[in-house]
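So you can see what is in the structure, the chains are spelled out below.
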Amino acid sequence: MQQVLYIFRKEFKDYFISPIAYFVISIFLLITGWFFFMSFFIYDQAVLRNFFQLLPLIFSFVIPAVTMRLFSEEMNVGSYETLLTLPVTTREIIIGKFLAGTAFIAAMLIPTLSYPVFISFMGDLDWGPVFGGYIGAICLGGAFCAVGLFASSLTRNQIIAFILGMIICFFLTAVDKMLFFFPREIVSLISYLGAGTHFENIAKGIVDTRDLIYFLSVVFVALFATGLVMEEKK
Amino acid sequence: MIHIEKLTKYYDDLCAVDHIDLTVNRGEILGLLGPNGAGKTSTLRMLTGYFLPTSGTIRVKDFSIHQHPKQIKSIMGYLPESAPLYHGMLVYDYLSYVADIRGLGKAKKEERLRKLVTLCGLGHIMHRTIHELSKGLKQRVGLAHAMMSDPEILVLDEPTSGLDPNQIVEIRDIIREIGKEKTVILSTHILPEAEATCDRVVIINKGRIVADGPTETLKHSMDAGGHLFLSLKNAPQGEAIRLLSEIDGVRSVQTVEGANSENLTALKMGCRGGMDLRETIYNAIKQTDWALMEFRQETKSLESIFQELTKEN
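As they're listed, the protein sequences go chains C and D. My numbering puts the first residue of the first sequence at 1, with every later residue one more than the last. My numbering puts the first residue of the second sequence at 1, with every later residue one more than the last.
Please keep in mind that the hints were generated in silico from the structure rather than gathered at the bench. The reader is advised that the hints may include incorrect statements.
Unchecked claim - DSBU-like, lysine-lysine: derived pairs with alpha carbons at most 35 Å apart:
#  : chain 1 : residue 1 : chain 2 : residue 2
1  : D       : K61       : C       : K234
2  : D       : K311      : C       : K233
3  : D       : K70       : C       : K234
4  : D       : K61       : D       : K115
5  : C       : K234      : D       : K6
6  : D       : K180      : D       : K108
7  : C       : K13       : D       : K70
8  : D       : K311      : D       : K180
9  : C       : K13       : D       : K135
10 : D       : K135      : C       : K234
11 : C       : K234      : D       : K311
12 : D       : K206      : C       : K233
13 : C       : K234      : D       : K108
14 : C       : K233      : D       : K182
15 : D       : K182      : C       : K234
16 : D       : K70       : D       : K206
Said to hold, decoys possible - Just some of the chain C residues that point at chain D, by a computed CB distance under 8 Å:
#  : residue
17 : Y6
18 : K10
19 : S18
20 : G78
21 : S79
22 : E81
23 : L84
24 : R184
25 : V187
26 : S191
27 : M230
28 : E232
All C-beta atoms, glycine included, are put in the ideal place defined by N, C-alpha and C.
Build out the structure end to end from the sequences listed, making use of the hints.
Okay, here's the thing in structure tokens:
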């Protein structure tokens, strides 16, 4: 457990050593801010729904960029060899890196807290959905981080890791909006697979265990698969 | 200390390590020699738990690599080839991170860091990022990384490759210093290095052990049929060859190309296995009025042993 903490701390710090972190955070804030406030004044309502609706799509591009380096870079530089021959297990490495990625997403969301604060001055803001939205965003961020980490474990090329992660995240985001492509029998299964609906449920302010279980399962499956990939490399 | 049995590693179809048996004793400095692609690095990687063997067992003290990888890793320090460290980190941050993961604790960490900084000469680079460092300095940081927890076993993969001669001497001194109390395994394809640092040498080729023994014994055991060199002044060449060939035990006498001048004859003599003919030869020459300018026995260097053992067929 101690080891997970050390790895987490190192990986989290690493984000802020390089300029990439600030770059990604700026891009994220620019895009969300732009799209959100573009329509905000048209609707003339004190709600954050549009902001949260955008998140799954934006996350599926931004998060793979955050996680792409976690394993790819280590394997490319060779530092994975020094890391793995320290007294740590693959599992501790994976969990530490996953938590660091998720914590970075949380850090990335902190500046957006200014939106609800700003809006609450302009109208009567219902804080329930806002809380729900942020809880949902962390869940979604965690799930996508796990997926991104999995993509990163597959290749030593960061660009490929990014594209792979993006494809999987985009699939999870968009699949429940393309249900008409699938045969009737599996539609309910496919719609369960989509991250969008689960996120929207939570973002409405309804924190349902079914949705939480969905995100936890995505995290678990992705991390487990990462574990298998890394063990296979031995 | 370390027992390796029937260790085998396949990468898909390629057999990198082929049924290696090896025992390393406490306090030994063992040199693992072999040409490129002989399986040195693969063996070390399995020993340090980076790879799992395809088959075979590795036991370190009472731990097995399959059941207790973490315990083995905690008593072993490893420096991979060309020291792949986190290049974005400061040297201090990196070493302190390694100390944390190795579970040193705060007080001990400070003390250990101080000691390693002096031993490896890192004082002036602690605040620099690793990617700024030259290869030699990086190697020293890697060495400090490997020695962080004062491990009982130190495994170094080509610790001196790519360093300049001064740095090589420095690193060798450090290794010998550590080797006084610790078990050290180092791989190299630089032979003088193994000769200079190691107590024992294991030569591997194509994944198999082809020679194993103390450095001295290995050199002597291969001495059978060694050569003598001598050069004589005022000796007619033909006459000298005739005289020396008549000595019992001499297998061949040849002139050394390029070393003969007007009144100097340089000869290379092959002797039958195990015979020391130096005295007989000296006595034979004493009878003549030739002057003995040079007389030496060539012990085979590790280099020629190595070439003999690892050349194709």
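Hint-by-hint comparison with the structure:
Between K61 (chain D) and K234 (chain C), the direct Cα distance comes to roughly 23 Å. Compliance with the 35 Å bound is thereby established for this hinted pair. For a cut-off of 35 Å, the pair hint linking K311 (chain D) to K233 (chain C) stands: about 32 Å separates their Cα positions. For the suggested pair K70 (chain D) and K234 (chain C), the alpha carbons sit about 15 Å apart, so the restraint of at most 35 Å is met. For the hint pairing K61 (chain D) with K115 (chain D), the CA-to-CA distance comes to about 27 Å; that is within 35 Å, so the pair holds.
Distance hint between K234 (chain C) and K6 (chain D) is fulfilled; the C-alpha atoms sit about 18 Å from each other, no more than 35 Å. Of the supplied pair hints, the one linking K180 (chain D) and K108 (chain D) holds, its CA atoms being roughly 22 Å apart against a limit of 35 Å. About 25 Å separates the Cα atoms of K13 (chain C) and K70 (chain D), which keeps this hinted pair within 35 Å; it holds. The hinted pair formed by K311 (chain D) and K180 (chain D) meets the criterion: a straight-line CA distance of about 34 Å does not exceed 35 Å.
For the suggested pair K13 (chain C) and K135 (chain D), the alpha carbons sit about 25 Å apart, so the restraint of at most 35 Å is met. Between the alpha carbons of K135 (chain D) and K234 (chain C) the distance comes to roughly 28 Å, so the proposed pair stays at or under 35 Å and holds. Only pairs whose Cα atoms come within 35 Å are accepted, and K234 (chain C) paired with K311 (chain D) is accepted, the gap being roughly 31 Å. Annotation: proposed proximity of K206 (chain D) to K233 (chain C) holds, straight-line Cα distance about 22 Å (limit 35 Å).
Simply put, K234 (chain C) and K108 (chain D) have alpha-carbon atoms about 33 Å apart, close enough for the 35 Å limit, and the pair holds. Annotation: proposed proximity of K233 (chain C) to K182 (chain D) holds, straight-line Cα distance about 31 Å (limit 35 Å). A C-alpha spacing of about 28 Å is found between K182 (chain D) and K234 (chain C), which places the hinted pair at or below 35 Å, so the restraint holds. Between K70 (chain D) and K206 (chain D) the alpha-carbon distance is near 30 Å, which keeps this suggested pair within the 35 Å criterion.
For Y6 (chain C), the interface hint holds, since its Cβ comes within 8 Å of a Cβ in chain D; the closest pair sits about 5 Å apart. Against a cut-off of 8 Å between C-beta atoms, the interface hint on K10 (chain C) holds, since the closest Cβ of chain D lies about 5 Å away. At its closest, the beta carbon of S18 (chain C) sits 6 Å from a beta carbon of chain D; the interface hint therefore holds under the 8 Å criterion. The restraint placing G78 (chain C) at the interface with chain D holds, with a minimum CB-CB distance near 3 Å, inside the 8 Å limit.
Checking S79 (chain C) against chain D: minimum C-beta separation of about 5 Å stays under 8 Å; hint holds. For E81 (chain C), the interface hint holds, since its Cβ comes within 8 Å of a Cβ in chain D; the closest pair sits about 5 Å apart. This hint holds: L84 (chain C) has a C-beta 5 Å from the nearest C-beta of chain D, less than the 8 Å allowed. The beta carbon of R184 (chain C) comes no nearer than 44 Å to any beta carbon in chain D, farther than 8 Å, and the hint placing it at the interface is violated.
For V187 (chain C), the suggested interface contact is broken, since its CB lies about 42 Å from the closest CB of chain D, more than 8 Å. The restraint placing S191 (chain C) at the interface with chain D is violated, with a minimum CB-CB distance near 41 Å, outside the 8 Å limit. For M230 (chain C), the interface hint is violated, since its Cβ never comes within 8 Å of a Cβ in chain D; the closest pair sits about 11 Å apart. This hint is violated: E232 (chain C) has a C-beta 10 Å from the nearest C-beta of chain D, more than the 8 Å allowed.
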